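A.B. asks: Single-letter residue listing:
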Amino acid sequence: MTVGPDAGVGRTAMVTQPVLFRAGWRYLKTFGGARWYLFPWDMAIRDDGVMAVIVRYQTVGFTHITLNTFDDELIGKFGSYGQGDEQFTWPTSLAFDRGGLLYVADEHANRISVFTTDPDEVSEGGIRYVVRGGQKEWQAGKLVSQWGTGGRAEGQLNGPSGIVFDRNEDLYIVDHRSHRIQKFTKDGKFLGVWGGFGDGEGEFNLPWGITLDHDGNVYVADWRNDRVQKFTAEGEFLASYGSTGDGNGQFNRPSSVAVDADGDIYVADWRNNRVQVIGADGRFVKSFHGDATASDLMRKDAVNGTLQPAMAKARFMADDPQSEEIFFGPVSVKLDGQGRLFVVDSYRFRIQVYQKEGYPSPVLFDARLESEERILTL
Amino acid sequence: MAHLMRRAGFGATRDELEVLAVNGYDTTVDELLHPEDAPDVAEDLLHRYDPGFDYASNHNVAASHWLYRMINTRRPLEEKMALFCHGLFATGGSKVAVGRALTFQVQMFRRHALGDFRTLLVELSKDPAMLFWLDNAQSHRAAVNENYGRELLELFSMGEGNYTEEDVKSAARAFTGWAFVRPMISNTGVHQPDFVFLPDDHDDGEKQFLGETGRFNGEDIVDIIVSQPATAQFVAARLYDFFVADEPDQKAIDTLARVFVEADYDMRTVMRALFMSDFFKNARFAKVKSPVEIIVSVSRLVGQYVYSEDGVLSDIFPASGVQQDTVARSFWMGQELLNPPSVEGWHTGLEWIDSGTVVERVNAAASAVGDKDKIGVRSIIDRLGGVTKPLEPAQLVDACLDLVGPFDVSDATREGLVKFVGASRRAEGDEAFGDTVVQLLQLVVSTPEYQLG
Numbered sequence: 116m117t118v119g120p121d122a123g124v125g126r127t128a129m130v131t132q133p134v135l136f137r138a139g140w141r142y143l144k145t146f147g148g149a150r151w152y153l154f155p156w157d158m159a160i161r162d163d164g165v166m167a168v169i170v171r172y173q174t175v176g177f178t179h180i181t182l183n184t185f186d187d188e189l190i191g192k193f194g195s196y197g198q199g200d201e202q203f204t205w206p207t208s209l210a211f212d213r214g215g216l217l218y219v220a221d222e223h224a225n226r227i228s229v230f231t232t233d234p235d236e237v238s239e240g241g242i243r244y245v246v247r248g249g250q251k252e253w254q255a256g257k258l259v260s261q262w263g264t265g266g267r268a269e270g271q272l273n274g275p276s277g278i279v280f281d282r283n284e285d286l287y288i289v290d291h292r293s294h295r296i297q298k299f300t301k302d303g304k305f306l307g308v309w310g311g312f313g314d315g316e317g318e319f320n321l322p323w324g325i326t327l328d329h330d331g332n333v334y335v336a337d338w339r340n341d342r343v344q345k346f347t348a349e350g351e352f353l354a355s356y357g358s359t360g361d362g363n364g365q366f367n368r369p370s371s372v373a374v375d376a377d378g379d380i381y382v383a384d385w386r387n388n389r390v391q392v393i394g395a396d397g398r399f400v401k402s403f404h405g406d407a408t409a410s411d412l413m414r415k416d417a418v419n420g421t422l423q424p425a426m427a428k429a430r431f432m433a434d435d436p437q438s439e440e441i442f443f444g445p446v447s448v449k450l451d452g453q454g455r456l457f458v459v460d461s462y463r464f465r466i467q468v469y470q471k472e473g474y475p476s477p478v479l480f481d482a483r484l485e486s487e488e489r490i491l492t493l
Numbered sequence: 003m004a005h006l007m008r009r010a011g012f013g014a015t016r017d018e019l020e021v022l023a024v025n026g027y028d029t030t031v032d033e034l035l036h037p038e039d040a041p042d043v044a045e046d047l048l049h050r051y052d053p054g055f056d057y058a059s060n061h062n063v064a065a066s067h068w069l070y071r072m073i074n075t076r077r078p079l080e081e082k083m084a085l086f087c088h089g090l091f092a093t094g095g096s097k098v099a100v101g102r103a104l105t106f107q108v109q110m111f112r113r114h115a116l117g118d119f120r121t122l123l124v125e126l127s128k129d130p131a132m133l134f135w136l137d138n139a140q141s142h143r144a145a146v147n148e149n150y151g152r153e154l155l156e157l158f159s160m161g162e163g164n165y166t167e168e169d170v171k172s173a174a175r176a177f178t179g180w181a182f183v184r185p186m187i188s189n190t191g192v193h194q195p196d197f198v199f200l201p202d203d204h205d206d207g208e209k210q211f212l213g214e215t216g217r218f219n220g221e222d223i224v225d226i227i228v229s230q231p232a233t234a235q236f237v238a239a240r241l242y243d244f245f246v247a248d249e250p251d252q253k254a255i256d257t258l259a260r261v262f263v264e265a266d267y268d269m270r271t272v273m274r275a276l277f278m279s280d281f282f283k284n285a286r287f288a289k290v291k292s293p294v295e296i297i298v299s300v301s302r303l304v305g306q307y308v309y310s311e312d313g314v315l316s317d318i319f320p321a322s323g324v325q326q327d328t329v330a331r332s333f334w335m336g337q338e339l340l341n342p343p344s345v346e347g348w349h350t351g352l353e354w355i356d357s358g359t360v361v362e363r364v365n366a367a368a369s370a371v372g373d374k375d376k377i378g379v380r381s382i383i384d385r386l387g388g389v390t391k392p393l394e395p396a397q398l399v400d401a402c403l404d405l406v407g408p409f410d411v412s413d414a415t416r417e418g419l420v421k422f423v424g425a426s427r428r429a430e431g432d433e434a435f436g437d438t439v440v441q442l443l444q445l446v447v448s449t450p451e452y453q454l455g
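From first to last, the protein sequence lines are chains A and B. Going from the first sequence to my numbering is simple: count from 1 and add 115. Going from the second sequence to my numbering is simple: count from 1 and add 2.
Keep in mind the hints are simulated off the structure, nothing from the lab.
If we take Cβ atoms under 10 Å as the criterion, some of the chain A residues that face chain B in the derived model are:
1. 153
2. 154
3. 205
4. 222
5. 338
6. 339
7. 370
8. 385
9. 413
10. 429
11. 439
12. 443
13. 444
14. 461
15. 462
Non-contacting residues of chain B with respect to chain A, defined by C-beta distances greater than 10 Å in every case (computed):
16. 3
17. 92
18. 148
19. 252
20. 268
21. 305
22. 356
23. 359
24. 393
25. 401
Cut-off 25 Å, straight-line C-alpha distance, at most; resulting in silico cross-link-like pairs (SDA-like, lysine to any residue):
26. A:428 <-> B:60
27. B:97 <-> B:157
28. A:428 <-> B:183
Fair warning: this is a prediction, and the values are worked out from it, not measured in the lab. Glycine residues also receive a C-beta, built at the ideal position from the N, C-alpha and C atoms.
Build the full structure now, drawing on both the sequences and the hints.
C.D. replies: Written out as structure tokens, the structure is:
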């Protein structure tokens with residue numbers, strides 16, 4: 116089944132599920148700025164609201180993970196660029212398990228690294244240092260375990276990009292260079308695989324992000340096929356959303372996908388510099404293009420007079436001070452349990468947050484109406 | 003064919019040359035002249051694996067992005083024309099601190115360098131990096147800055163001695179009001195600058211320019227410049243120097259200039275005439291390779307930093323190593339890409355070579371071919387080892403020169419290479435054979451002859 120923008124027309128069954136009245140997405144706030152994140156690449160939200168963010172600026176070897184609160188307070192950071200333990204080469208995605216351990220996929224090292232981010236467990240007293248290049252670095256995370264072997268055989272990893280836990284805390288991994296989805300236990304025991312290279316149903320071309328809905332169905336950002344595919348938990352194909360382009364419901368290299376409790380599908384439409392919402396029925400709902408304001412950290416900088424003089428001058432000289440709010444390289448979308456949408460706005464070094472307002476109505480109705488009647492009824 | 007690919011591109015591997023040979027020289031020239039028919043570089047992959055590329059915070063990042071494009075392109079002439087334009091309309095990171103602005107300028111060169119020369123000059127005059135680099139954005143109706151008007155005439159189109167100071171002033175007045183929207187630079191990074199025409203800041207008065215009188219604007223100035231015989235000579239001489247030989251040949255330059263005028267200043271037609279000419283075909287190894295040509299051609303030869311179609315990289319981009327291996331090496335050899343020493347660009351030919359840069363040139367090439375794991379090196383070893391009868395030292399040397407070039411070396415150089423092979427092939431087995439080939443390759447790319455393109 117392919118679900119397109121018109122897929123909702125011509126439904127003939129009694130609607131027995133609550134109908135969603137969407138009241139919109141309110142822009143909430145912006146995190147970060149160049150001094151805090153350089154090229155944020157993915158994020159995960161701990162149950163207590165702490166946000167872990169991958170920073171990946173490998174061109175200059177600036178790669179680590181930061182931990183922040185929702186109030187933009189930096190709790191700490193850990194990791195560095197490299198191939199050793201507690202280092203990352205091309206970190207791609209993050210996920211917390213229920214116990215608060217952080218799983219990090221590295222698509223170059225072909226491994227999953229597991230960290231504790233609880234200060235008490237990181238070290239006695241909560242503070243732990245490592246010395247690298249003569250510099251003492253505070254490490255807010257500590258490696259607990261790591262697993263993964265590079266290769267194309269089943270159970271081996273060939274470019275792990277997106278990762279997500281299911282209800283049993285098994286881990287789905289997008290093994291992007293082998294164009295497949297693999298499933299493992301959280302300690303790395305191979306459970307299953309599906310996919311392969313191509314553009315047919317259930318095939319992929321360098322897939323990237325992955326998420327689950329509340330029924331456990333799997334959604335994959337099929338990056339180079341410019342679509343999102345939906346599967347059962349076992350990998351049976353259910354639906355495909357989108358095609359190549361920049362129209363509504365079309366994508367240009369979608370990198371990440373998230374699904375909320377109402378079934379709305381959020382897609383980071385990366386090369387189109389927007390985030391799109393697709394309804395559970397496959398119909399286009401909305402595009403986000405960015406609404407950023409100053410982050411708390413930036414605001415403090417401005418108010419406290421710690422803004423760099425060069426930056427202050429550039430602001431003074433700028434003819435176009437308003438261009439700041441829009442997305443540039445929105446690479447990842449994440450949701451928390453409170454209906455908040457987090458957009459990792461990578462080339463602007465920040466995260467933009469929206470609050471969804473939607474009301475599922477319990478009223479049932481008969482969808483078997485001609486379109487004219489529907490209009491009259493309204 | 004190898005000569006054509008060295009000049010119109012950055013060299014071709016033996017596998018590529020075999021395909022091109024079947025197509026024939028004329029067809030290959032046609033294909034080179036129509037880059038739009040070949041697939042573009044997979045920018046999406048570059049940006050997926052290296053987030054910093056799209057943003058290009060400074061000229062070094064922009065340069066490493068460009069070098070990756072040169073290495074991976076299937077439109078070699080498109081990149082070579084852009085490199086030609088970059089040398090001619092030299093704009094640099096020493097002043098244009100925003101790497102993206104330089105990337106946009108190079109993209110503009112890709113779009114227009116094989117088209118109408120007038121359009122190219124108009125687009126150049128509107129390019130934000132250029133508007134900043136030569137101060138035209140600071141040139142106002144009430145306070146004219148002559149920098150761009152002067153360099154447009156002196157360095158970009160006609161050359162000294164073909165215009166007066168009055169012409170410079172008129173050109174500068176005509177370009178007043180050509181500016182760019184100053185972008186925000188903040189905690190959210192650098193924003194894109196866009197061209198803007200400010201009518202209130204434009205001097206619309208009458209001007210005398212190269213013997214003509216009128217209320218000229220920038221486009222009119224470009225039209226008048228391009229129609230001057232001096233401009234055809236200038237462009238032809240620069241093309242000859244970049245694509246044909248370090249030593250000028252006035253007869254050949256006259257031919258190119260004539261074609262340029264007859265073709266109504268269409269660059270594609272001139273380039274076709276150039277590649278099809280006898281003077282081009284006879285100019286094998288008549289140029290010293292530029293540092294960028296060395297870096298890119300050797301990377302293509304050994305298959306480093308190469309993307310395959312399914313997105314698999316032959317190498318990891320090491321952090322900083324990208325710049326160490328490509329951008330910085332080119333800098334050490336005397337060519338800092340996207341940051342030329344001045345608006346004059348680089349001095350080429352023998353001036354590329356001095357006792358310091360020659361060591362860098364040899365080291366860069368020798369270290370790249372010294373890695374047996376590189377797919378291009380492996381392919382050469384396999385080809386040389388795939389014969390039924392083991393090759394004699396002289397045969398091995400000739401086969402190796404053929405695969406790397408093909409190119410000719412002096413008798414003395416060849417003798418030295420043969421002697422080396424004879425002395426080093428004592429051990430038996432594939433491993434030892436591979437080592438010998440690698441060392442031979444390192445010597446081959448260290449020869450004086452390899453420095454010529």
